Each structure stands twice: as structure tokens, then as C-alpha cells.
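**Q** Listed below, chain by chain, are the residues.
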Amino acid sequence: MNFIFHSVRWRLQLWHALILMGVIVALCMLAHKLVVDARRERIDRELESFERAFMKSFWEMPSQKKKEDRPPTTAEIRERFLSLDDPSKFPLELRDLFDPDASESTYLVFWDGSCQTLFRSANAPADLQFPKVAVALDPITRMRGNFRELVHGGPRGFRVVVGRDVSSDRAALQQLGWQIAGSGALLWLLGLLGGWWLAGRAIEPIAAISQTASRIAEGKLSERIDVADADNELSRLSQVLNDTFDRLASAIQRQREFTADASHELRTPLTVILSETSRGLKRERTAEEYKEIISTCSHAATRMRSLVESLLILARQDGYPPESHGESTDLSSVVTDTIQLLQPLADQKGIQIRSDLQSARCLADSNSLAIVAGNLISNAILHQPAGGEAVVSIFCEDQRVILEVTDRGPGIAPEHLPRLFDRFYRVDPARGPASGHSGLGLAIVQAVVENRNGTVGVRSEPGKGATFRVSLPALVEE
Amino acid sequence: MRLLIIEDDPLLLRSLSAGLREEGYAVDTAADGEDGLFKAVSQTYDCIVLDGMLPVFDGWEVLRRLRVEKTTPVLMLTARDAVPDRIRGLDCGADDYLTKPFDSDELLARIRALIRRSSGQASNRVEIGGVVIDTAARNVSLRGEIVALTPREYSLVEYLARHRGSVVNRTELYEHLFDEDDDTLSNLLDVHVSNIRKKLGADFITTRRGHGYCIE
Chain A
0 MNFIFHSVRW
10 RLQLWHALIL
20 MGVIVALCML
30 AHKLVVDARR
40 ERIDRELESF
50 ERAFMKSFWE
60 MPSQKKKEDR
70 PPTTAEIRER
80 FLSLDDPSKF
90 PLELRDLFDP
100 DASESTYLVF
110 WDGSCQTLFR
120 SANAPADLQF
130 PKVAVALDPI
140 TRMRGNFREL
150 VHGGPRGFRV
160 VVGRDVSSDR
170 AALQQLGWQI
180 AGSGALLWLL
190 GLLGGWWLAG
200 RAIEPIAAIS
210 QTASRIAEGK
220 LSERIDVADA
230 DNELSRLSQV
240 LNDTFDRLAS
250 AIQRQREFTA
260 DASHELRTPL
270 TVILSETSRG
280 LKRERTAEEY
290 KEIISTCSHA
300 ATRMRSLVES
310 LLILARQDGY
320 PPESHGESTD
330 LSSVVTDTIQ
340 LLQPLADQKG
350 IQIRSDLQSA
360 RCLADSNSLA
370 IVAGNLISNA
380 ILHQPAGGEA
390 VVSIFCEDQR
400 VILEVTDRGP
410 GIAPEHLPRL
420 FDRFYRVDPA
430 RGPASGHSGL
440 GLAIVQAVVE
450 NRNGTVGVRS
460 EPGKGATFRV
470 SLPALVEE
Chain B
0 MRLLIIEDDP
10 LLLRSLSAGL
20 REEGYAVDTA
30 ADGEDGLFKA
40 VSQTYDCIVL
50 DGMLPVFDGW
60 EVLRRLRVEK
70 TTPVLMLTAR
80 DAVPDRIRGL
90 DCGADDYLTK
100 PFDSDELLAR
110 IRALIRRSSG
120 QASNRVEIGG
130 VVIDTAARNV
140 SLRGEIVALT
150 PREYSLVEYL
160 ARHRGSVVNR
170 TELYEHLFDE
180 DDDTLSNLLD
190 VHVSNIRKKL
200 GADFITTRRG
210 HGYCIE
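Going line by line, the protein sequences match chains A and B. Under numbering that gives the first Met the number 0, think of the first position of the first sequence as 0, with each following residue one higher. Under numbering that gives the first Met the number 0, think of the first position of the second sequence as 0, with each following residue one higher.
The set of hints was computed from the structure by calculation and includes no laboratory data. Here the structure is a predicted model, which means the values were calculated and not measured. Treat the hints with caution; some may be incorrect.
[Stated by the list, open to error] One-sided and incomplete, this derived list gives chain A residues near chain B with beta-carbon spacing under 8 Å:
(1) S262
(2) H263
(3) T267
(4) L273
(5) S274
(6) R278
(7) T295
(8) S297
[Claimed, not checked] Straight-line Cα separation of at most 20 Å, SDA-like style, residue types lysine to any residue; simulated pairs:
(9) A:K281 with B:R13
(10) A:K55 with A:D43
(11) A:K290 with B:P9
(12) A:K219 with A:R246
(13) A:K281 with B:N138
(14) A:K281 with B:A81
(15) B:K69 with B:G23
(16) A:K219 with B:D84
(17) B:K197 with B:D104
(18) A:K281 with B:G23
(19) A:K32 with A:Q174
(20) A:K32 with A:A180
(21) A:K32 with A:Q115
(22) A:K281 with B:R151
(23) A:K219 with B:A81
(24) B:K69 with B:P83
(25) A:K290 with B:R13
(26) A:K281 with B:R111
(27) A:K281 with B:A135
(28) A:K55 with A:G152
(29) A:K281 with B:A108
(30) A:K88 with A:G112
(31) A:K219 with B:A147
(32) A:K281 with B:F101
(33) B:K38 with B:D80
(34) A:K281 with B:A147
(35) A:K281 with B:L107
(36) A:K55 with A:R94
(37) A:K290 with B:K38
(38) B:K38 with B:V55
(39) A:K281 with B:D104
(40) B:K38 with B:R66
The beta-carbon is built from N, C-alpha and C at its ideal position, and this holds for glycine as well.
Isolated chain B, as found in the complex (with noise of 0.2 Å):
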């Protein structure tokens, strides 16, 4: 899942791309609303989380100019609380809204349902075979029994189980799993998916091939 941080703060841009890196998550971050807008307009993102008040254009400025090209799910983060703020932000097209200060656990819960809701699923648990993904608790486990995946391989399970039965390319796998920093032309994606078939499976994951990865 790749996610976008727009936010002006570089403490806190700092702070939220850590916490989210370590949860598994691709994140890229712009510091302000120029930045942002070219970013998630030029990228697919699962869902960007957005700041307020940002230089160059704010917040809502950045959303009105987005909504024009693209449904990405965001989540508003400002520290206006006052309600015809928040009416303005969901009315410029912000799925979710969350006033500073928030709880960091709260705004992971939030970024899951985003991305839960945006790809029409309404549970946490996917079960494909004998294998069970809860979104929430973020692990997959086999027959009962917990698999241990490394985040960016819990992540392509993740993927690869909401797109089920459609074949997902290897573009938009390195689009919605690596960051920006990432080197995407490694065969970082192959190495993942090899040790996710050690671990669930050989025939968990289809390849096929000149297309891309499929979970059936």
C-alpha cells in the first residue's frame, strides 16, 4: 500500500512517515500543497493523508484541484476543528477528517478503512483458500496458524488480495509497494514474491507471465 503525506510540518512529516514506513506501508512526502498536488496527481496512491494548512495552496485548495482528476481516497489532517471547516474539507472531496491532535493508532485505523472501503471491501478478513488476511491486525495466517511476513511481503499479499482474480502488473505492484526512495528497478518484487510462495504456498500466487502476479 503507498501512501502520499502532504503536511508542512517537517517534524511531523518526519514523524508520521516513520510510524507508517514501520506499519508496512510506501510513503512519499511533499511539504507543501504544490508539491503534494504534482505528487498525487502523477502517482497512484491507496490514500493520502493531507494537511490543512499548507504554503503555496492549502489543503482544500489541493483537493479541489485533485478531485478534478482523481478519486484517491484522503483523509484530511488539520488542526481546524471548528465544524464548518471540517464541512468545507469532506465538501472539497475528503473521505475522512481527523483534527491535530490525533491518536497515531486512530489515524492507522482510519488509512485502513480508507483503503478497505476505496477497493468495495467492507470486512477486515479476506480468506482465499486456507489462508486468512485480517487487514487490521496486519498478519496472514495459514490453516490457523500465524504466518510470519515481513511488512512489504504482508503488503503485496495485502494487494494482490484485493485486486482477487485480476491480474496485477508489475508496475502497479512497484507503484503501491515501493516509495519514491525506492529503486524500482531492482528484482526487489521477485525476491517478495518467491518467499511469500515459501510461506503460503506454491501456488498461492500465479504468475503469469508478460503480465503479471494474480491471486486467484
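So here's chain A without its partners, still in its complex pose (with noise of 0.2 Å):
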């Protein structure tokens, strides 16, 4: 039972079922009541033309007394029912007025204005008394038992009921009444069928989205949903699921390459040092051969430790929560202080930093700041040949502190500017781990700034050099 209300199939079937039957048992209500009301209608006109029909015969029946010219009085008029009691005087459709067993037709009672009976057909039912409702020329109606009655009054308190048994017009309408409530049902089956019907239909598409993004949670990353080409709310839908699974698969696709990566990064130099110290193990070997092997055990675990540290540094990085902002750091100091510590690897390989910093305060910790000046200002540094100059600029614009770096090395070619900062990303392949680069500076220094809601970015043509360029929300001073 429960999951019928857990699915969107039976929710929609049932609101369907709820609404169907309102509409259809108030339509089946209305076409019931029309229908009664106008035989009522029908019912009254006929009592109300029986009634003049009478009265045309009755007046034109021949009377013995010579007619006046003036309203005949009311022991004439008495007199005059008293004489109707042949039937055949009267035309064919009021002689069952004379016939007690015509207890199915029309009957017509008249009284005087004091309750005597001035004429009583032979059909009226017994227990028919003088109506004692105040009564208007007017006629009124009203039900009394299976009786329709039109009660009116006359001249001189006259009071006038024709009625009719309609029990056999009540037994026809409720026999309509079933009629009309047996179809209303067959039309409500019918329609909860179509409904059942319509939902499915739009359900399938739902379904269909719902198995492949099952199997796509399975691991089948490169599933897609089907887009039908029609442009409704669900292949808007499709579209939508389709490029959030492209984004999730490439996140994951970069997440594993990242992975691997490191993992190859790593495993690299405990090779070397592995099967350094197993050769070194396998014999007995002069000082130097073992100064030799320890030697290049030293430099792998050194190359191994940087990465670690990079690696580390990422992972802060990934989990570093937005909040915790830091101090407000001077920038420039920081770099100050960058540059007076890569000065002896400037000077062994021959380049000038020139430096025009301006004081800056922004919302960062000075060890981040550090790190970001340190890998741009040491990659100006060994990106371009002896007697090149590297150019470090700290000043403020809109707001902002930027930091640039410009070196005037070989550049940067084109295709290479798009993934610059991925992790693990080398434009030079063969300048790989054993030269020092893990290929995660760059990397870092674009996941710092960002979660300092800053931005990095790099201009470079080949043969110009390349500038990169750090921009840091400044620190407005109050």
C-alpha cells in the first residue's frame, strides 16, 4: 500500500480518480436535476391544462336555467357540479373523472369558500381534504405523498385542487437516476483507464532517466540519457542531468588522472631508492660505490619529500574552509622577503630581479602569500636563460592588489596556455620530476589565490617572455 503513495504513477492515478469522479457525479447531478425538474414542469402544465379543459367543458355544458347576463351566483355554480354525473357529457380525456378505478389519472376536487365539496371526482383520493394554505389565484404547487397537487384559489374563497398520482413518473426518473449513475460509472472506469494510461506514458521518460542515471551511479560514467529531440520539460530535464554528468565525469576523470599522477610521482623515486639499496646490498662495494648509491637514495627522498609537501600543500588547499580568512598581510613585505630568499639561486643562474612594490595590504596569511610568490618568482627565475632579468610589481588597482611576475624567457607557446595550471601539467616534458619541478607549483598557486577569492592569470608570446599575474582583494583600510 505504501507505494502507492511513493509513486508519482498512482499519486497522479489517484488525484486523476478523485477529480474524474467529482466532475463526472456533478454533471450526472445537474443532467438528473433537469431532467426532474422539467417533468415537473411538464407534470404542472398538464394538471394546469386539464384543469381549463375541465372548466371550458364545464362551462359549456347546457344548463337548465336560462342564462343570465351576469356571474352566475354560488348556489348556481353548486348547482351546476351537482348536475355533472354523466360522463359522457364530457369529452373523452376527462371521463375518468367519473371512474373510481382511475385512481392513475387526474383528479380534480373543487370547494366553496366554506370548505363545502362542490365537486369531487370519483378518482381523488380519499384523504384529500380542503387545502387549508393561503391561496392566491395565482396556482401553486406542492407534493403530497405520490401527488402532484395544483391548488389554487377562486372568486368568493373557491379553492380548486388538481392532482395526479406520479408515482409511475417517480419510478421512471429514478430508473433514469440509475441510468445516468450506471454510465457516469462506466465513463469514470473509462477515464481512469486513460488516465492510467497517460500517466505511464509520462512516467516512461522518467523511468528511462531514472535507470540510466542508476547505471551511471553504478560507474558507467560515459552512460548518457537519451534526448528526445522534442523540446519539453523533459528533454530540458536530460540536457540539464546530461551536462551535470559531463562535469561529474570529467571532475572525476581529473580527480583519478590526479591521482595517478601523484601516485607515479611518487612511486618513481622509491624505485630508485629500492633498487639502489638492493644493488648496494647484493655484494660487498668500495666506499665510493656505497657514498655513490647513498648518494642517489639521498636526492630520490629529497625529490619525494618536495612532492609530498606540494601534495600536502594541494590538500590543504581542497579542504581549506572559506571562512577562516586569515590575518591582513602586507604583500609586499612578504615578497620582500620571497625575493631575499631565492636572491643565491638568482644569482647562480645569472638573473637580475628587479622589483617596484608597492605597500599593500590584503586578506591573506603571509604563508600563503609566500608560497605564491615563491613559485612565481622561482619559475621566472629558471625559465629563461642566464642574464635574463625577472620583474616583480606589487600595486593596486580597483580595489585589488595584483602581484606580476615577468621574466624574459622563451614564452610560452599558445597551446600550452589553457592547462598551464593543471596539476602535473609540464610544457616541457623532458623537464620532468628529476629537475626539481613536480608540476604542481603553478597548481598551488592557483588553488591559494582562488580560495582568497583572488585570480591568477598569465600573458605570454612565444620569444616575449610571460607575465603572470595575481589579483587579491585588497584590504580596505577603515
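Each chain sits in its own coordinate frame; assemble them with the hints.
**A** Pasting the structure below:
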């Protein structure tokens, strides 16, 4: 039972059934009421015309008295009524009035103002009494048991009741009611079937989407929802889902590549250490040979250490909580320290560092800023031939602190620029891990800067050097 | 036995080649895919140790191009241990696959197995008259006594034993026993052959003048 409320199809069906039932019941009741009203009106008209026909015959009846040119008195009328005993003087349709067995036919009773019965047709029901209701000349209609009666008064307190037994009409109406109810129910069932089919058709693409999505969840990342050509809500939803899956798949793919690359970078020096130590232990060697083996191991271990440090910095950036924006730091003092640290490397490579540093405070901790500056400046030193120049400048622009590091090296080819900040991306594959490049430096710069609401970009033309530009939100002094 | 190591990491390349040379192999090295492929195609090696991630073109590409021309046994050596990578390597024509970090003894054993299989032998023991060559332990015994051979002498004996019955010419011997750094014009080969004859008997290796050497 529970699944009915957890299935869209069943819920649609349930609502559909309820609404359809409401509409059909209302329609059937309306139809029934219209038929009943029409039938009642017809009966009333019949009764009226019956009375008129009777009165016509009544007045046309030949009277013993000489006709005088005045309205007949009550006594005269009573006399006239009393003389009505011969059915044969009446038209055929009125003759039932004199037949006590014709209880199905219309009956007629006249009273005068003093409740005296003037005329009572033979087929009138025995319990019909003088109507005590206040009656005007206009007729009123009433139901008395199974009888429909038309009551109206006349001059001098006359009362007329014309009535008819309507039980047969009632039975007919009841039957009609059942017929309407039956066809209503049939219509409802047909509607339910149609609704079930429609709901099924509406649900079908959703079921397909859910199946594809669960296959993707199981790990088949290349699966995509089949987007129908029609431009409707579901195909748009499918498109949105497919785009999401694409992005997720590429994120997962990047993550996988990163893990594979990281493990590759770590495994190689580890292999060196294992291979060197096992070679060293195989036989007795000279001190010189041992020295060489240990030095190789030490190199490999140093590489592993710097890689592990880089990976740790990156991992910390990945889990960096956005609220902890550290203290405010003067970028220029951090950069000055960094340049001092890197000066020996620059001297060794024959590179001159020029700096133009404006004091600028920004919201970031000095450690992170030192990582950014260190990576960019050491890149500038390492990526150009001796005699080159690295220009470091800090300035403020539109509430932002800008750090620019420019080198006069060979520049970066345009095809490398989009992937330059990718982890383990190396412009020159030969400049591998052995040369001390983890391939993570710029990725770390990007992660650190973006975590502090900054941006990092690069401009470069082959042969004309490269400029890295970091933009961080400036701290406005209050 | 002459090997080619294609590996971009200079530390590992140096360590591997030193280890293999100490085992008596002649070892050539290449630091990128292009150089490696050139050497692999132009020389005849008994086995190639190939790294997966290489500059210029990667190990799988080297394999694909190499297999067009040669059937040299290739042992792939990579840090990528995911099953699809291994399948890709084997499908591209690698004969064996070893993931970093590996045990260097295992690497040696696998290289021996590859060389043995490529010369159509199933066993590590080759018996020629009273001489037994154990290719796993890399030693030679004469009538039960182990004979002390230098690595190069051992390699020469092993190579001729693997091609037992056929005449191996000097060029081929030079190609398989000496690496690119050795001076192939020297008369080292004759010196080695005469030393072996002294240790294992004068008729162990026969000389076919103008053709080469042979173990009957």
C-alpha cells in the first residue's frame, strides 16, 4: 500500500480518479436535476391544461337555467357542479374523473369558500382535504405523498385542487437516475483507464532517466540519457542532467588522473631507492660506490619530500574552509622576504631580480602569500637563460592588490596556456620530476589564490617572456 | 645478453643500468620515447625494459611503433598500476608488465624469463656434455664443479648455448654482448673465447673461420 503513495504514477492516478469522479458526479446530478425539473414542469402544465379543459367543458355544459347576463351565484355554480354526473357529456380525456378505479388519472376537487365540497371527482384520493394554505389566484404546486397537486383559489373563496398520482413518473425518474449513475460510472472507469495510460506515458521517460542515472551511479560514467528530439520539460531536464554528468565525469576523470600522476611521481623515486639499496646490498663494494648509492637514494628521498610537501599544500587548499580568511598581510613585505630567499638561486642562474613594490595589504595569511610569490618568482628565475631578468611588481587597482611577475624567457606557446595551471602539467615533458619540477607549483598558486577570492592569470607570447598576474582583494583601511 | 632501458628518470635509469650491468648484461639506455624507439629498431636487443610515461612519445606509443618492425621481448615498467593501463600495455605488444616500485630481483627474474622464452627454452638449465649452464643462478659448472667466469664470459657462453648448434657470427655476438659504450673494434671477443676454452675445455666452443663461433 505504501508504494502507492511513493509512486508518481499511482498518485497521479489517485488525483485523477478523485477529480474525474467529482466532475462526473456533478454532471450526473445536474443532468438528473434538469430531467426532474423538466418532468415536474410538464406535469404542472398538464395539470393546468387539464383544469382549463375541464372548466371549458363545465361551462359549455347546457344548463336548465336560462342564461343571464351576470356572473353565476355560488348556489348556481354548486347546482351546476351537482348536476355533473354524466361522463358521456364530457370529452374522452375527462371521463376518467367519474371512474373510481382510474386512480392513475388526473383528479379534480372543488370547494367553495365555506369548505363545502362542490365537486369531487370519483378518482380523487380519499385523504384529500380542504387545502388550508393561503391561496391566491395564481396556482401553487405542492407534493402530497405520491401526488402532485396544483392548488389555486378563485373568486369567493373557491378552492381547486387538480392532482395526479406521479408514482409512475417517479419510478421512471428513478430508473433514469440509475441509468445516469451507471453511465457515469462507466465513463469514470474509461477515464481511469485513459488516465493510467497517460500517466504511464508521462512517467516512461522519467523511468528511462532514472535507469540511466542509476547505471551512471553504478560507475558507468560514459552513459548518458537519450535526449528526445522534442523540446519539452523532460528533454530539457535530460539535457541539464547530461551536462551535470559530463561535468561530474570530467571532475572524476581529473581526480583520477591526479591520483595516478601523484602516485607515479611518488613511485619513481621510491623505485630508485629500492633498486639502489638492493643493488648496494648484493655484494661488497668500495666506499666510493656506497657513497654514490647513498647519494642517489638521498636525491630520490629529497624529491619525494618536496613532492609530498606540495601534495600536502594542495590537499590543505582543497579542504580550505572559506571563512578562515586569515589575518591581513602586507603583500610587499612578504614578497621582499621571498626575493631575499631566492636571491642566491638567481645569482647562481645569472638572473637579475628587479622589483617595484607598493605597500598593499590584503586579506590572506603570510604563509600562503609566500608560497604564491615563491613559486612565481622561482619559476621566473628557472625558466629563462642566464643574463635574464625577473620583474616583480605590486600595485593597487580597483580595490584589488595586483602582483605581477614577468620574465624575459622564451615564453609559453599558446597551446599550453589553457592547461598551464593543471596539476602535473609540464610544458616541456623532458623537464621532468628529476629536474626538481613537481609540476604542481602553478596548481598550488592557483588553489591558494582562488581560495582567497583572488584570480591568477598569465600573458605570454613565444619569444617574449611571460607575465603572471595575481589579483587579490585589497583590505580597505577604515 | 644486450638490453635496452628506456626510462626518463635519470636516477632510475642510472640505478637500473648499473644493476643490470653488474649482472653481466650489456645495457644501452635511452631517456625518451623517440631515442628509445630509434635504438630499439636499429639494434637487436635480447630484451627491452620500457617505462610507460616518457617524453616525446610514451611507452605505449613506442611499443605500437616497435611492434611493426620487431618482436624483441619488452618488459613494461610503469607506475600506472590500474588494470586498464596494464591491459593496454600487454595489448600493445608488451610481453610482461611490472609496476613501480618493484623488487629488483623480480625485475632480473622476469628479464631472464623473457630472454629464455624468446629463445624457445623452457628450463633454466642447459646441459652441454659435462657442462651445465644455470641461467637463473648465472653460473656454469663443469662435471659438478662451478667454474668461475667473468660476467661477460658467462654471457658469451649463455648466448652461444641458447643458439646451440647454429653458427653465431662475430657481429651478432658483439651486438648482444657489448653495449653502445664498448669499443666493438677491439679483439675482446677473441680474448673471451680463449679464456672460456681454457676454463671449459678447448673443444667447448668451435671456431668456424669466416663465419663465427658455435657450441655443438
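**Q** State for each hint whether it applies.
**A** Cross-check of the supplied hints:
Because the beta carbon of A:S262 sits about 6 Å from the nearest beta carbon in chain B, less than 8 Å, this interface hint is met. Interface restraint check: A:H263 against chain B, minimum CB-CB distance 4 Å, threshold 8 Å, status holds. For A:T267, the interface hint holds, since its Cβ comes within 8 Å of a Cβ in chain B; the closest pair sits about 5 Å apart. Annotation: A:L273 was flagged as interfacial toward chain B, and the flag holds, the nearest CB pair being 5 Å apart, inside 8 Å.
With a least beta-carbon distance of about 5 Å to chain B, the hint placing A:S274 at the interface is held under the 8 Å criterion. Using the Cβ-Cβ criterion of 8 Å, the hint placing A:R278 at the interface with chain B is satisfied: the shortest such distance is roughly 4 Å. Hint status for A:T295 relative to chain B: holds, with the closest Cβ pair at about 6 Å, below 8 Å. The interface hint given for A:S297 is violated, since its Cβ lies 10 Å from the closest Cβ of chain B, which is over the 8 Å cut-off.
This hinted pair checks out: A:K281 and B:R13 have alpha carbons roughly 17 Å apart, not beyond 20 Å. For the proposed pair A:K55 and A:D43, the alpha carbon gap of about 18 Å is at most 20 Å, so the pair holds. Proximity of A:K290 to B:P9 is assessed by CA-CA distance (about 18 Å); at most 20 Å being required, the pair is judged to hold. Between the alpha carbons of A:K219 and A:R246 the distance comes to roughly 14 Å, so the proposed pair stays at or under 20 Å and holds.
Straight-line distance between C-alpha atoms of A:K281 and B:N138 comes to about 16 Å, which keeps the hinted pair within the 20 Å bound. Among the hinted pairs, A:K281 with B:A81 is inconsistent with the structure: their alpha-carbon atoms are about 31 Å apart, more than 20 Å. Straight-line distance between C-alpha atoms of B:K69 and B:G23 comes to about 24 Å, which puts the hinted pair past the 20 Å bound. At roughly 18 Å between alpha-carbon atoms, A:K219 and B:D84 fall within 20 Å of each other, so this suggested pair holds.
A threshold of 20 Å between alpha carbons decides the hint, and for B:K197 with B:D104 the separation of about 32 Å lies outside it, so the pair is violated. A distance of roughly 14 Å separates the Cα atoms of A:K281 and B:G23; the hinted pair therefore holds under the 20 Å criterion. At roughly 14 Å between alpha-carbon atoms, A:K32 and A:Q174 fall within 20 Å of each other, so this suggested pair holds. For the suggested pair A:K32 and A:A180, the alpha carbons sit about 13 Å apart, so the restraint of at most 20 Å is met.
For the given pair, A:K32 sits about 39 Å from A:Q115 by alpha-carbon distance, which is inconsistent with the 20 Å threshold. Using a Cα cut-off of 20 Å, the hinted pair A:K281 and B:R151 holds, with the two alpha carbons roughly 18 Å apart. In summary, the hint linking A:K219 to B:A81 is supported, as the alpha carbons are separated by about 17 Å, within the 20 Å threshold. A C-alpha spacing of about 24 Å is found between B:K69 and B:P83, which places the hinted pair above 20 Å, so the restraint is violated.
With a C-alpha separation of about 15 Å, the suggested pairing of A:K290 with B:R13 holds against the 20 Å cut-off. Of the supplied pair hints, the one linking A:K281 and B:R111 holds, its CA atoms being roughly 18 Å apart against a limit of 20 Å. Using a Cα cut-off of 20 Å, the hinted pair A:K281 and B:A135 holds, with the two alpha carbons roughly 16 Å apart. Pair hint A:K55 plus A:G152 holds up; C-alpha atoms about 17 Å apart against a cutoff of 20 Å.
A distance of roughly 15 Å separates the Cα atoms of A:K281 and B:A108; the hinted pair therefore holds under the 20 Å criterion. Among the hinted pairs, A:K88 with A:G112 is inconsistent with the structure: their alpha-carbon atoms are about 27 Å apart, more than 20 Å. Distance check on the hinted pair: A:K219 and B:A147 sit about 60 Å apart at the alpha-carbon level, beyond 20 Å; violated. Simply put, A:K281 and B:F101 have alpha-carbon atoms about 16 Å apart, close enough for the 20 Å limit, and the pair holds.
Note on B:K38 and B:D80: the hinted pairing is violated, with a Cα-Cα distance of about 27 Å set against a maximum of 20 Å. Distance check on the hinted pair: A:K281 and B:A147 sit about 18 Å apart at the alpha-carbon level, within 20 Å; holds. Restraint check for A:K281 and B:L107: the C-alpha separation of about 13 Å stays at or below 20 Å, so the hint holds. Restraint check for A:K55 and A:R94: satisfied, since their Cα atoms lie roughly 14 Å apart, inside the 20 Å limit.
In summary, the hint linking A:K290 to B:K38 is not supported, as the alpha carbons are separated by about 32 Å, beyond the 20 Å threshold. Of the supplied pair hints, the one linking B:K38 and B:V55 holds, its CA atoms being roughly 15 Å apart against a limit of 20 Å. Proximity of A:K281 to B:D104 is assessed by CA-CA distance (about 10 Å); at most 20 Å being required, the pair is judged to hold. Between B:K38 and B:R66 the CA atoms are separated by roughly 14 Å; this keeps the pair inside 20 Å, and the hint holds.
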